[in-house]
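Each chain, written out:
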Amino acid sequence: MTKVRVSMEVNQQMRDAQIEPRLLLVSFLREELGLTGTHVGCETTNCGACTVLLDGRGVKSCTVLALQAEGKKVTTIEGIGTAENLNPIQLAFWEKHGLQCGFCTPGMILASYELLEVEPDPDEKVIREALSGNLCRCTGYVNIIKSVKYAAKLRKKGMRGMRKGAA
Amino acid sequence: MNPKSFEYHAPKSVAEASSLAEEYGVDAKFLAGGQSLIPLMKLRLLSPSHLIDLGRIPGLSYIRDEGNHLAIGAMERIAEIARSDLVRKQCPILSQCAHQIADPLVRNMGTIGGNLSHADPTNDMPAVMVAAGASIVAASGQGSRVIPAGDFFVDTFTTALKGTEILVEVKMPIGPTRRGAYLKLERQAGDFGIVGVAAVLEMSSDGRCVAAGIALTGVGPTVVKATRAGEILKGVELDKNTIDRASRAAAEEAQPSGDLRGSAEYKRAMVEVMTSRTIRAAARRQTER
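Protein chains in written order, with the working numbering: chain A, 1 to 167; chain B, 1 to 289.
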């Protein structure tokens, strides 16, 4: 099968590659670029573990062709914080125990990221609705909701880029 | 889980897309947001050898107030429709429906044109279009034509579109006397509905229902227009007895079949319940204004 060229901005860096047209965005990120923070869960558009931002909007990257991201901006979990410099949402999930096994967490955090950009002070109903495309089989969601509320508070205080120890 | 290999085309105009479809015929599929098509391709239920991506054709994403209708571009995302103030104000039923489709992440990719032309009997938008008497604009290289929503949905996954035609716009009627609601019974968030009901009422100033459109999701090979239910509501006051009779008629008009989401009998019973709730919700919308 003839390969085609795709190019997009991933975590503020231009990336391009020759790919098979059928390559899914999640496979492009994980296998071509080595960005394995985006997880593959159900592969059937249900679980949301593969959530990334496409031009700022959360999408399930197992159900998007890499070619559909041509010329667009993609943000993955690697693009919003690092171990030394956590994003407030990452810090909030840590502080409020918003994860147990952690498999769904990158997707939860990116879906929360989109929510907080649109709605900086969401109530529980809004949070539940915004995360309704992301499944967690450990937490029962209660601590995830606490985490998003706490993240909203941290963001309001203008806290960006901090170390866990410094919080 | 990957789709089977295919050749990818990214036309820059509707005419170019249409001529590609003509060239490749039944081996080609149009790609809109891909939220139905890509899952089917991953499951190998569909394996087109040519994929024609409509995503790079400029000018197909918009919502415009045209006085007596909202014009919505085929590639407008469901999420944009859900968050549009214009839609919420001028056409609450469409806003309400968009909010109930799949989940927020799927809505960010999924488009109104894809939702309609996929013609899945459990998709929510078709019922809203049929109940409201919307029009669908189809275009090809040779020009365009307008198809009434009532004639658009032919069968499961089958529409009135010809192979070279592309759904480019939806015209959703609006007006101060129209009131609509869409309610859906679902097993869990983001799942396909068990039963969905769209009701659009045309009200006179003295509170009578002048005309009504009722359409049903998930209880037939394609969207079901409950014509008799609409007739019962026409020209009368919407009291309990009238709503009950219309709801029973809708249940009789449904053609449900049993599956994992419930037996045919259960679905028919739910059509009656949901029709009653939807008519009331639509009528309430009027008094709230």
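Hints were generated in silico from the structure; no laboratory data involved.
Don't be surprised by glycine CBs; every beta carbon is placed ideally from N, CA and C.
Treat the hints with care, since some could be wrong.
If you want the ones that stay clear, here's a sample from chain A, every Cβ over 10 Å from chain B, calculated [to be verified]:
(1) 4
(2) 9
(3) 12
(4) 18
(5) 22
(6) 23
(7) 57
(8) 58
(9) 60
(10) 62
(11) 70
(12) 73
(13) 95
(14) 124
(15) 137
(16) 138
Using 30 Å as the maximum straight-line C-alpha spacing, the simulated DSS-like pairs for lysine-lysine come out as follows [stated by the list, open to error]:
(17) A:3 x B:4
(18) B:4 x A:72
(19) A:72 x A:3
(20) B:4 x A:73
(21) A:96 x A:157
(22) A:3 x A:125
(23) A:96 x A:72
(24) B:240 x A:72
(25) B:234 x A:72
(26) B:42 x A:73
Hint check:
1. 4: Violated, because the least Cβ-Cβ distance between residue 4 of chain A and chain B comes to about 6 Å, which does not exceed 10 Å.
2. 9: Holds, because the least Cβ-Cβ distance between residue 9 of chain A and chain B comes to about 17 Å, which exceeds 10 Å.
3. 12: holds, 20 Å
4. 18: Check passes; 13 Å lies beyond 10 Å.
5. 22: violated, 5 Å
6. 23: violated, 8 Å
7. 57: violated, 4 Å
8. 58: violated, 5 Å
9. 60: About 5 Å separates residue 60 of chain A from the closest Cβ of chain B, which leaves it inside 10 Å; violated.
10. 62: At about 8 Å from chain B, residue 62 of chain A fails to clear the 10 Å cut-off, so the statement is violated.
11. 70: Check fails; 8 Å does not lie beyond 10 Å.
12. 73: Since the minimum Cβ distance to chain B is about 14 Å, residue 73 of chain A lies beyond 10 Å and the statement holds.
13. 95: holds, 25 Å
14. 124: holds, 15 Å
15. 137: holds, 14 Å
16. 138: Holds: least Cβ distance 18 Å, greater than 10 Å.
17. A:3 x B:4: holds, 14 Å
18. B:4 x A:72: Holds, because 25 Å separates the two Cα atoms, which is no more than 30 Å.
19. A:72 x A:3: holds, 20 Å
20. B:4 x A:73: Holds, because 26 Å separates the two Cα atoms, which is no more than 30 Å.
21. A:96 x A:157: holds, 17 Å
22. A:3 x A:125: violated, 45 Å
23. A:96 x A:72: Outside the cut-off at roughly 33 Å; violated.
24. B:240 x A:72: With Cα atoms ~53 Å apart, residue 240 of chain B and residue 72 of chain A exceed 30 Å; violated.
25. B:234 x A:72: Violated: residue 234 of chain B and residue 72 of chain A sit about 50 Å apart, past 30 Å.
26. B:42 x A:73: holds, 24 Å
The structure shown violates the earlier hints numbered 1, 5, 6, 7, 8, 9, 10, 11, 22, 23, 24, 25.
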